[in-house]
Structures are given as structure tokens and as C-alpha cells.
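Residue numbers (this note's numbering), protein chains in the order written: chain P, 1 to 186; chain S, 187 to 905.
Keep in mind that the hints were calculated from the coordinates and are not lab data. Fair warning: this is a prediction, and the values are worked out from it, not measured in the lab. Incorrect hints may have been included.
For each label pair, taking beta carbons as the anchor points, the in silico distance ranges come out as [stated by the list, open to error]: (1) L384(S) / R57(P): 27 to 35 angstroms; (2) D310(S) / R57(P): 52 to 60 angstroms; (3) H80(P) / H749(S): 53 to 61 angstroms; (4) K40(P) / K796(S): 26 to 34 angstroms; (5) G540(S) / T146(P): 41 to 49 angstroms; (6) G42(P) / K274(S): 28 to 36 angstroms.
Calculated pairs, SDA-like style, for lysine to any residue (alpha carbon to alpha carbon, straight line, at most 25 angstroms) [said to hold, decoys possible]: (7) K239(S) / A132(P); (8) K370(S) / E15(P); (9) K361(S) / L166(P); (10) K195(S) / H634(S).
Each residue gets a CB set at the ideal place from its N, CA and C atoms; glycine is no exception.
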Amino acid sequence: MPNSDLIQMMKQRAETVQAIVSKITDMEEAVRYTVDLTQKQGGRTVAAAGLNPDEARLMKTACETFQLELLEFPLRPHTHEIHTSFTPADWGIAETGTLVIDSSSEDVRIATMLAETHIAVLPASKIKPDSAALEKELNAVLMADTPSYYAFITGASRTADIERVLAIGVHGPQELHILIVEEDRE
Amino acid sequence: MIKTAQDMKSYKKQLKEALSDKFLRTALDNFYTAYRENRPAVYDGIDFEGIKKEIATGKDGALPYLKELYEEFKVHAETAGAKVHIAKNAQQANEIITAIAKEHHVEKIVKAKSMTAEETFLNDHLEKEGFTVTETDLGEWIIQLRKEGPSHMVMPAIHLSRHQVGDLFADVTGKKQNSEDIDKLVKVARQELRPTYLAADMGITGANFAIAESGALGLVTNEGNMRLVTTMPRVHVALVGYDKLIPDLKTMLRILKVLPRNATGQAITSYVTWIKGAVECGASPSNRKVMHIVFLDNGRLALAKDPVFSPALRCIRCGACANVCPVYSKVGGHKYGHVYIGAIGLILTLFYHGIENDRVIVQNCINCQACREVCPVDIDLPHLIKKTYRAVLDQDGKTPAKNLILSRVMKNRRLFHFILRQGYLAQKPLARKGPMIRHLPNFFEKRHGFRSLPVIAETPFRDQWKYLRKQVVRPKYTVALFAGCAVDFIYPEHARALLRLLERHRVQVEFPKDQTCCGLPALMAAEEETARDVALQNIRAVQPENYDYILTLCASCGSHLKHNGFKIFKKDSDWLGNLKEFSDKIIDFSSFMVNVLDVSSEEFKATHKKVAYHAPCHLCRGLHVTAEPRKLIQLAGYTYVRSKDEDVCCGFGGSYSIDFPEISAEILKKKLDNVEDTPAELLVTDCPGCVLQLRGGMDKRRGKIQVKHIAELLAETVF
Ligand code: SF4
Ligand code: SF4
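Chain P extracted, bound-state conformation (with noise of 0.2 angstroms):
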């Protein structure tokens, strides 16, 4: 399947499990999203686990600039405030919308769970089109003799426990925000 249909799909896909799904361009860009959004939302903190050191800075800047805290590692001592987590994605899976994302570091987790809600940058590069294409890399994470903990994320949290109805936002974030770059992270 050709890389545009994988990311239609995957876009569709998620959008149909209520993430909100953009494309864009680099890690500046998602970036300006990430604060953008937090102000909109009157947010006032963001937590963002699992970058590289450039990225780090650039949302360092963005979050000095535009009057946000960008929450300290551990996260732990932060969990009752995090409103906007920003991690990677490892992968993405273009058949259902999901999100995979090693998340053994505990910052990654904690971001992941406890956020109000969590951006997610997918380089479109990682789009796969279903799980059994990702069976030889999940594999590798899990036979390795190392502690892991590898999470598929596909939407926001949901339930449907009271009398059926869905609704969204329950113990995990209540909204999942997708950005699928076309340009490598690397």
C-alpha cells in the first residue's frame, strides 16, 4: 500500500475512535500545536516524555515563551497537574488508528495515562498497515530479557458501563491528538 493510503487510513481510522488526527510538516510545528492547544484549553502545564534533546529545547522555548510549565522528570510528584502530555509514537497501526508506544520508561507512562490530554507525534514513515506487521519488532521488545511495558493506544479512554452510552474520557486522557509527520524525526 502505497504511504498516502496507509496514512488516509490511518487518519480515518483514528478519527472514527474520536482522535483528532492532523498533518504536519516538522517537530516546530508540533510544537506550536502543543502550546497552542494548552492555551486554548487553559491548560497550564505539559509534560513531554520521550523526546531527544533538540526537541526537548524546542518545546522548552515554546513553553517559556508562551507562559506554560513544562513539568520536571520525574513526573511522579506531578501527576494531579499534568493537562497536556507530548510523547513520540513508535509506531503506528493504519488498520485500526493505533498509537504503539514503548512505554517502559515510567515519565512516558505517567504522561500517557494522567494527562488531560496527550499529543502524539507519528512519523508517517511508521505507519504499518495492521499489527502483524509490527509481530517481528513487538516481538524483539518482548523476548529481550530487559522489564518492558508496550502499550497500542487507539483513541481516547472510553466506557460504556453506564446503561451503554460511550463515554470518553474516563480513568486515561480525554482526548487524543494525532500528529503524523511527514518529515523523519532522526
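Since chain P is already given, all that's left is putting chain S with the ligands on it; use the hints.
Okay, now just chain S with the ligands, sitting in the frame of chain P:
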């Protein structure tokens, strides 16, 4: 606390309560319809039948090696810093978990949903030991607060209304809640539970998968609470049934294709999480999670070796067997299971929670086959339910009087038919002149009066045969008619209609005289030995080698004769060859007319009367015949009108409607309501049992729609 009825009298009382719970009834009815309506779209583009077979084969292949898979899992998980335990039974599991909690000075525990922990009543145990335990899954939290057990394996609080939840949350928060706003109610749980995760010392979860080759657990969830439960506290204990062990990731990914689809109609859940070993954890002094995994046996290892019941261990707890069950949809999970609910609950309860909790509920299956059709791991649930009932009878060492009589009578065809003939005389005074008995004599209880009963025929078909038989010159097909008791003794006119339709087709029909009941009622009463005996009588009587087809007008006889023989004959029986020939030649009326005789619309005069169709369970799911009857209605010059839930059981189920008349009546009511919602003038079906139920119900409600067997329908328009 769970209060599963232990005797029929209290069960009947409970059922009555459930049936009169208005909210429950509407909620379950809506769910029932919605689940079934959404399903095709959810499975669009997925080869469900193919995957189901693959999963079943894979699961069965692993069952003999559960111990080995466990060892493999343990090595890998422990290398990554987890500690792995075995618990022989529920008590041991609870004690192991208590010991872990004590060792690590735990006070507060948060839990994510785990059916296995429900199985061991872990919360009760921990609370007795002085720990504070909070369920965090929304539904589980609600029922924990209400001190109830789950009423569904996936949606534990489906029996509750928003108002009940709103009132409960008002109590918990001390603030009035707007019950109409479900989003707000959900947010109450979010706010109330947030601090609980952060304060907890230990998190307890189950797991959907334990992957042997890597030692990783796989968890499939939606709300995000499980992720918090496994992240925030310093200790994590996973309680996992042995049956969750699978060899590899590939197996998990395959099951993941059907689990969320079947459970909640999602292509995938919000979260699928793999956890391996002791991950980073800032709350722990070592900065590593204290990670324990407890594998629960509780009878599973023995079950894995059981030649009959081992398929029950394939279950992936999707809950779908409850979702499509017409009985569940009427009475709800608290009355249709103990801890495990739905069809699989009727089976597993015996093994995990003892005979006293299964003795009564296991009898409440109408054998409609709906559960079997949706089960993503291909468990023959209705069959195993009957096997479970047999095991209950055997363990009790008592045979109910009705079973004794049934066996004695059915094994002796002459006696059986004698009694049926006597039935005509006995009921004659009741019927007055019509074909129906509207008012049952006083020794019947009122609850049986939901349908009028047909009158037993004055002359059974077998006695009419000598006048009806015709010799056909150069026949195209020679066919044995297997009438079945209902056609033979109640509705000979169905068979006469058939003969009339076959006249122009050069079909030589024979009626092997010594045929008797097909044996399904015996199997339903778990009298397998009698069923086998009767099957042999029929093979001997019919002599299948002499015919091209064995034709039946009764879907139940047809599907029983086609499939069940193989389940009840011994694997080394000398009769297997004959049985196979018998089974191969079985054909139902509609398939014979459409696929064999290829009837055309020219044989019928068009009336354009509007006809609704009821698909008998044993035709659409038992014999997988769906297109033919609908086509036949149209070929015969009628206008077929669709009604809602056409393929849902009518509530007959043979003796079921006598054992559980209250439920039978409710299922029937819904069926007839749906038909009356259409402009149909006629309702047809291809099973005399369904005709009995539907016609009886229609007569009782003085409905205008006529109920007919499809053969009768055709006979009316054939030239
Ligand atoms: S066969 Fe029908 S009645 Fe029996 S458990 Fe399955 S779905 Fe329910
Ligand atoms: S028995 Fe089959 S349908 Fe029922 S819960 Fe288990 S897997 Fe699902």
C-alpha cells in the same frame, strides 16, 4: 454478595423478580438487539469462521502443555524481575496475594477488572485481612459500592440504570448528581478514583494473555484504569488463570482480532498493553516494581485433560455467549450464571464453584444454538451445557422422575406411540370442537397458559399413510420421510401438504413405519444413552442405503439427526458408517424444494399475500439453511416481509417451554410483537415445534396473523 439459587423453587422466584424488573428488561432487550445488529459491520472484511477455527485449533494444541507453557513463561518473566507463583485453588491464590501484601507492608490496594479475582472472591478475602480494596473499572466500582457481583463478564453493571448509578454516586460524594448526564457520572468516577491510584501501595489485575515465549502479560482494556493500577503503586500482582497461557505473540495477535470485536464491537480496544517483568517504578525504593504473577489452577489442569469438557478452557471471556442468549436477555446475568455468566457460566460454574451453584441454573438453556454461533473460539456451548447437566445428575446420583419416565417410554416405540394415541382421547373433552385447547385443565398451573395448545390428531400420519402412499413410475428421487413426533401425531397435515407438492415431481416417497422420535428430547434431558438407543432404532427403521434423501419437515429433528449422532455414539461404534450415511442424507424441506427439485414460480399462482418468516434455531443455526425458505416463499407467489429478529428463538425448545414457561412466554411475546409490527398476514416457519409455539401464542392473544408451516403455505398456491 452473589446469591445463586440452589433449588428450583427459589430460582423460579428469582426469575419472576427479574422478569418483572422493568429497567432490566428494557436494557437487556435493547442490548440484545443492538449487539446483533452491529455485529455484521464489526466483522466486515474479517473471516470470522476461519479465524475461529484457527484459534480453537491453536488453543486445543496448547492445552496438553499448560505445565510446560507455565515453566517457559516463568523462566522469562523471572529473568526480567517478576516472581511467578502457582495457586492450586482459590483459597491458595488469595493467601499468596495476602502474603505478598503483608510482606511489602501494603495497606491500600487498587484493582483493575479481573474475572479470575471474582472467581476466587479475592476482595472479600483481602478485606477480611484488613486491607482496603478499591475496584477502579467503572462498572466494577459501581457494583463493589453496591456489594453485588457482576451481571456480565464485560459490562458488570449492565443491570443498573443511570438513576441507580446517580443515586449511588450522590451517596459516595455527598453531592446530588444529575443522573441524566452519563458523561458527568463518568467524570465522578474519574475524580473520585484519581487520588486512590496515587495513594495505593499495591495494584491487582488479571490478564488476558500470558505469553510463554517471552514471559509477558497481555491486557486488553478501554478505560485506562488498568494502566494506572499497574503504574502508580509500588507492587503489582497479576492473578491469571492457567488457561490464559498461550505459546507466542502471534497467537495473541490472532485472538486480538476477535476479542474486542466480539466483546464490545470494537476493532480494537483503547488500550492493549504488554507488561514484562519488574518495570521502572518511582514509588518503589529500588526504583523497580515489585511484580508478582499468580497462576490459578482451581481445576483447570484437570479440565485440560477432560475429553469432553476441555474445550471450555478455550474461552477468552468475551461475554458474547450472554449477549446473544435469548434467556440471558430476559433474566440478566445474576440469574444466568454464578460468577461466570452466560452459556460458558452454566458450564464453568460446576467446575469452579461447585455443583450447588450450578444444579438449577444449568437447566435453563433452551438450546437455541445462538451462543455457539458467536463464540470466537468455537466451543459447542449448548452441547457442553447438556453434558454439564448430565454431570450434575451423575454427581447427585439421582435421576429425576421425568427423566426415568422419558427414557423408559422413548426406548419403547410401541409404548411411546400408544401413549401419544391415548393423548387424543384424553384431551378430546378439552378441545371441544376446534383445533386448539385454549383453557388448560386445572391441574396445570396458570403460568402454562401463555399459549393455546394444539389437539393431538385423531389419526396420526402413520395410520393415514396406507391411504396416501403413491407408487411413482420411474422416480427421479426416492425419499424417506422422517416425520418426527410433531408432524406424525399433531400436524399430519404438514406431511400431506408435502405429498401434494411432490406430486408433479416424480419423487417416490416412503414412510418407514418403525421410525420413532428423533431422540432430541432425550438429549435435552441429558439422557444420552436413551438418545443413542433411539438413534439406532431410527437407523434400523429407515435403512438409509435405500434412499437418495431422508426428508424432514422438522428443523429440530433434521439438525439433531444430522449432527448429534456423532456426539453421542462411541468413537468405536460399529454403527458409525450407517450413522454417517443417515446424516449425509438428511435434508430439510426448503433445501429439498429449492436445491434438489429446483421448483419454479410457474408451479404456483401468485397471491402477493404478505408473509413474515420465523427462522427456526435448528434450521438457521443447526443446519445453516437461511436463503432457501425465504426464496421459497417468494417462488410460491407470496410477498416476503422482513420482521425484526427473525432468527431469534421463538421460546419453544421442547420441554423447555414446560419447565420454564415464564421465560418461554416472554421470548414468544417479543417474537409475536415483532411480527405484528409488520404488515404480514401470514407467519411461516419450517418446524412444527415453532408452529406449535407461534400458533398457540397468536391464538391466545387473538392475533389476526395466521401461522403456518411453509409446506402448508406452498400447498395453498400450488397449481
Ligand atoms: S443455546 Fe441458546 S439458550 Fe442455551 S445458552 Fe446458548 S444462547 Fe442461551
Ligand atoms: S464461551 Fe465463547 S462466547 Fe462465551 S465468553 Fe467464552 S469465548 Fe466468549
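Violations among the numbered hints: 4 and 6
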